[in-house]
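Take these sequences, add in the hints, and give me the full structure.
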Amino acid sequence: MTTPVEAGWSQDPVIRRMAEELRSTDVFQMLDAGEAQHVATLCERRLLGPGDVLFEEGNPALHLYLLLRGQLQILVRSPDGEAQVVVGTVGPGSLVGEMAVLEAVPRSASGHAAVTCELLQMPGRAFAELVASAHPAAFAILRQLQQTLSDRLRGLDARIDAVMDDGTRPAPKPMLEPPPQAEPTMWHLVDPATTDGHLGGSGDSDT
Amino acid sequence: MIPTRDLARIPAFDGFDDRARKAVGAMMRSYAAHDGKVVVEQGTRSGGAYVVLSGEVRVVRELGNGKSVDVRTLMPGTMFGLLSCLDGGARGASVIARGQVRYAEIPRDAVTELLEGRTPVALLFQVAVCRTLFREVRSTNRRLAELAAVPDTEVATMDLEPVPVFDELDDLSEDLEPLPDL
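Chains A and B are the protein sequences, given in the same order.
Position 100 of the first sequence, counting from 1, maps to 100 under this note's numbering, and the rest follow consecutively.
Position 67 of the second sequence, counting from 1, maps to 67 under this note's numbering, and the rest follow consecutively.
Hints listed in this document are in silico derivations from the structure and should not be mistaken for laboratory results.
The beta carbon of each residue, even a glycine, is placed where N, CA and C say it ideally should be.
Heads up, some of the hints might be wrong.
To be verified - Not close to chain A: a few residues of chain B, all C-beta gaps over 10 angstroms, as computed: (1) D35; (2) D87; (3) R102.
Said to hold, decoys possible - FRET-style restraints, in silico, Cβ to Cβ: (4) A:S24 with B:D35: 50 to 58 angstroms; (5) A:A158 with B:M1: 56 to 64 angstroms; (6) B:L63 with A:S133: 44 to 52 angstroms; (7) A:V115 with B:Q100: 54 to 62 angstroms; (8) B:G89 with A:G93: 22 to 30 angstroms; (9) B:Q100 with A:T41: 50 to 58 angstroms; (10) A:G91 with B:D14: 31 to 39 angstroms; (11) A:D12 with B:R19: 31 to 39 angstroms; (12) B:R29 with A:V53: 48 to 56 angstroms; (13) B:D17 with A:R154: 52 to 60 angstroms; (14) B:Q100 with A:S133: 27 to 35 angstroms; (15) B:R142 with A:G93: 24 to 32 angstroms; (16) A:E82 with B:G36: 43 to 51 angstroms; (17) B:R45 with A:V115: 41 to 49 angstroms.
Okay, structure coming up:
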C-alpha cells in the first residue's frame, strides 16, 4: 500500500525532507511546499565533525548556509595573526553568509564546527538567481538579513556609548558583519561571478 | 520626485532597472539643507529614509554623558535613516548637514510598503537596504575601533576622514527638481 503524497510535495524523499527542514525554520516557514522544494533542489547537505572548518577567514565566500543541527564557532584572527579568537556562536536555524551575493569581499571570520553539525549549503549563484527571479525565499533571506543587520547596528550604538561614556577605552571586540539575532552569526559576501555553481559533492569549496 | 537619470547614478540603487528607478523615484522628495541643519534628530521616530544627493552629512551620536561623537560622514549616493524605518525604534544618531547639502527623502509609509512588498521593485529596494546596512555596520565597526584607541579628550575634536561608503560619485545637484522650503 502506498502513502498518498500531499498535494504539491515531491515524491523524491531527499528533496521532500530538505524542504520540510527548510520550512521548519523561522526563516523559511512561510514557503509553501513547491517553493521550499525549489529551494531544496539548490541545496546540498553538509555534515561536519567537531573541529571541522566550514570556511576560513580571508577566503572567498562561495556559499551561504542554513545550520540545521549543532553549533558553529565564529573565530577571527588576532591582530598579530598568531591566534584565533572565538567571537560568537551560531545555533540551529541560523542563516550564515546571506550577504554573499550582495557584496564581494572575503570571509571576515572563520567558521568551525563546535560539535557535530548538519547544514544545508546553497551556492551564491543560486541565491543570486532566487533574487533575480523574486522568489519568495529571496524575500525571506533578505528579511532575515535586514533584521540581523539592524540588531547589529543597534548593538554598535550601544558599544560606542559604552566605550565613550565611562572614559575607558577597552579594545572593542571584533564584530561580525552581519551577526545573528541572539548570537553572533557569520556573514560573508560572495561574488556570484566567482562561485562554482557546484550543487553536489561533499567538498567545501570555501576553504 | 527624483528623475530616473539621477537615481541611476546612486550606487545604493545599483541593479535597478528604469522601471524600478521610476517607481522609487516617484516616491522621493528632494530637499536642500544649509550647514548645520539637522536632517535627522537622534531619539525621534519621525521621517523616512534618505539619500544624500550632493554634499556631505555627519552622523553624530549624542552620549548619555552629554558628549557627542561623530560616527561617520556620508557622501553623495548614500542612503541613511533606514534603521528606524526597519525596527520602528528611535533614531540612533543625528544626521547634520556639513556645508550645503541636497538630499532626498523616501517617506516612511513608502519605505514600509517597499520593505513589506513582494514585487520585483520591492525586492530590489530590499537588496539596496541590505547593502546599505552592511556597509554601515562595517564603517561603524571601523569607527568603534578608532574611538577605542583615542584618548577621551581628543574624541570630540577628531577630524574625521569621510567614510568611503561608496566610490566617488558625481555631484547630483544639477537637474534636481525645485526644492520645498525647509
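Here is what the structure says about each hint:
1. Every Cβ of chain A is farther than 10 angstroms from the Cβ of D35 (chain B); the closest lies at roughly 24 angstroms, confirming the non-interface assignment.
2. The non-interface label for D87 (chain B) is inconsistent with chain A: the shortest C-beta to C-beta separation is roughly 5 angstroms, within 10 angstroms.
3. Separation of R102 (chain B) from chain A is adequate, the least Cβ-Cβ distance of about 25 angstroms exceeding the 10 angstroms criterion.
4. About 54 angstroms separates the C-beta atoms of S24 (chain A) and D35 (chain B), a value consistent with the hinted range of 50 to 58 angstroms.
5. With their beta carbons about 38 angstroms apart, A158 (chain A) and M1 (chain B) fall outside the hinted range of 56 to 64 angstroms.
6. Distance hint check: the CB atoms of L63 (chain B) and S133 (chain A) are about 46 angstroms apart, consistent with the given range 44 to 52 angstroms.
7. Between V115 (chain A) and Q100 (chain B) the beta carbons are some 57 angstroms apart, a value that agrees with the proposed interval 54 to 62 angstroms.
8. The hint said 22 to 30 angstroms for the Cβ distance between G89 (chain B) and G93 (chain A), and at roughly 24 angstroms that hint holds.
9. Against the hinted window of 50 to 58 angstroms, the Cβ-Cβ separation of Q100 (chain B) and T41 (chain A) comes to about 54 angstroms, which satisfies the hint.
10. Restraint check, G91 (chain A) to D14 (chain B): a C-beta distance of roughly 33 angstroms satisfies the suggested window 31 to 39 angstroms.
11. A beta carbon spacing of about 37 angstroms between D12 (chain A) and R19 (chain B) agrees with the range 31 to 39 angstroms that was offered as a hint.
12. The beta-carbon spacing between R29 (chain B) and V53 (chain A), approximately 50 angstroms, falls within the hinted interval of 48 to 56 angstroms.
13. Checked against the hint of 52 to 60 angstroms, the pair D17 (chain B) and R154 (chain A) fails, with Cβ atoms roughly 33 angstroms apart.
14. Range check, Q100 (chain B) to S133 (chain A): Cβ separation about 43 angstroms, and the 27 to 35 angstroms hint is violated.
15. Between R142 (chain B) and G93 (chain A) the beta carbons are some 30 angstroms apart, a value that agrees with the proposed interval 24 to 32 angstroms.
16. Taking 43 to 51 angstroms as the suggested C-beta distance range, the pair E82 (chain A) and G36 (chain B) conforms, at roughly 47 angstroms.
17. Checking the proposed 41 to 49 angstroms range against R45 (chain B) and V115 (chain A) shows it holds: the Cβ atoms sit about 42 angstroms from each other.
Hints 2, 5, 13, 14 from the earlier list are contradicted by this structure; the remaining hints agree with it.
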